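Starting from the given sequences, assemble the full structure and let the hints guide the process.
Residue numbering for the sequence shown follows this note's numbering, beginning at -7 and increasing consecutively.
Some hints here could point you the wrong way.
In silico lysine to aspartate or glutamate, EDC-like type, Cα no more than 16 Å apart, as pairs [claimed, not checked]:
1) LYS201 to GLU68
2) LYS(-6) to ASP73
3) LYS146 to ASP299
4) LYS(-6) to GLU34
5) LYS306 to GLU34
6) LYS146 to GLU60
Worth flagging that the hints you see were computed from the coordinates, not collected in a lab.
No experiment lies behind these values; they were computed from the predicted model shown.
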Amino acid sequence: MKRVALAGNPNVGKSTVFNALTGLRQHTGNWAGKTVATARGEYVCGAQQFQLIDLPGTYSLAAHSQEEAVARDFIESGQADAVVVVCDATCLERNLILVLQVLELTGKVLVCVNLMDEARRLGIQVDLPALSQRLGVPVVGVSAGRGEGLDELKQAIALLVNSNASAVPQRAPQERVTLAERYAAQVVRSENAQRQRRQQRLDHLLTSKTTGIPLMLLLFGAVVWLTVAGANLPSALLTQLFARLGEVLEGWLAGAPDWLAGLLLDGVYRVTAWVVAVMLPPMAIFFPLFTLLEDLGYLPRVAFVMDHAFQKAKTCGKQCLTMCIIYIILFFFPFL
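Rendered as C-alpha cells:
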C-alpha cells in the first residue's frame, strides 16, 4: 500500500479533497505523542491501494507550532511515498509559499489547485501547465466540492508515487516569498483587475504596521461588544424559562426529603440551568463570529501582524488568536 500525505493551508478545501478521495473509508485520531487530530483513509486507483494521511492545516513548516512540527516531521521522515499540497485557486500566491517549503523536504510533490469553480466565478484563470513547468512538479486543478478533476488527481498521484524525484536546495524565507509572488504573477490572470486592486489595498490596510493593530483591536472590540450585547436578551429569556421549569420541579419534589430535593434542585438543576443560560448565548454568538473572520481570511492576517511581537516571546503570531479566545472566555463570560 502506498502512503500519500495531504498538506495545505487551512481553509483551502483540504478536508473536502480528503473526503472526496476516501469516502467513508477513513478514521480519525491523535498523532502519536501529540494532541493534534489527524485523519487517515484509503482509496483504490487501478490495481493499487493508497493510504491518504491528512496532515494538520498549516501556513508554514517553520515548526513554530505543534501543527507545523507534526506536518514537517512527517514529510521530512520520508514515510510518505508522495505529498499532495492542496492550494486555493483564488489566493494561489499565499499557498505557493508552503509548496516551496515542501519541495525543500521532498521532490515527490503534487500540487492540487482546488476551488477552480470558485476561481472561475471570480474571473480568475490559473495556467496550470505553466505553474507545473515553473515548480517542476505535476499540477492538477480540481473542484473537490463538485467532484471535478478527482480522477485526474488519482492518476497523477499513481504516477508520482512510482517516479523518482529529489528535493530542491533550501531557500531563505524572503526568497520563497519572492518566488511565490513571481510565479503567481506569471500564471494567474484576473479578469476583474479592479477587484484585485481593492483586495491588495485591503490587504495592505489590514497588515500595515500603522493600521493593522488598531484595526485588529477595533474589530475584536466589536466582536466582544456584539457578544456581550447580543447575549443579554437570550440569557434573560433562558433564565426565565429555567426559573419556571424549576418551580414545576420544586412542586414535583414537594414531598421528597430535604436532602434529595436540595441535591436535585440546587445541586443539579439550578447549577446546570445557570451555566446554560449564562454561557450558551455568548458562545453561540462569539464562535460563529470568529469562524466568519477565519473564513474571510482575516485571522491569518492578524497572525501575520502579531508574529514579530510574539517571536520575541519564542512563539508565533497565531498564539494571539488563542489568547483572544481565552481572554474573552475567562474575563467576559463570567460577568454576563
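Worksheet item: Has the given pair, LYS(-6) with GLU34, been kept, meaning a C-alpha gap of at most 16 Å?
Response: holds, 10 Å
Item to complete: Starting from LYS201, check that the Cα of GLU68 is at most 16 Å away, please.
Response: violated, 35 Å
Fill in: Pair hint LYS(-6) and ASP73, alpha-carbon separation not exceeding 16 Å
With Cα atoms ~6 Å apart, LYS(-6) and ASP73 stay inside 16 Å; holds.
Worksheet item: Within a Cα-Cα threshold of 16 Å, do LYS146 and GLU60 meet the stated pairing?
Response: Status violated; Cα separation ~26 Å.
Worksheet entry | Agreement of LYS306 and GLU34 with the hint, judged by alpha carbon distance not exceeding 16 Å | Judged against 16 Å, a Cα distance of about 38 Å means the pair is violated.
Discussion item. Hinted pair, alpha-carbon criterion (16 Å max): LYS146, ASP299. Please report holds or violated.
Written reply: violated, 37 Å
The structure does not agree with the numbered hints 1, 3, 5 and 6 stated previously, though it agrees with the rest.
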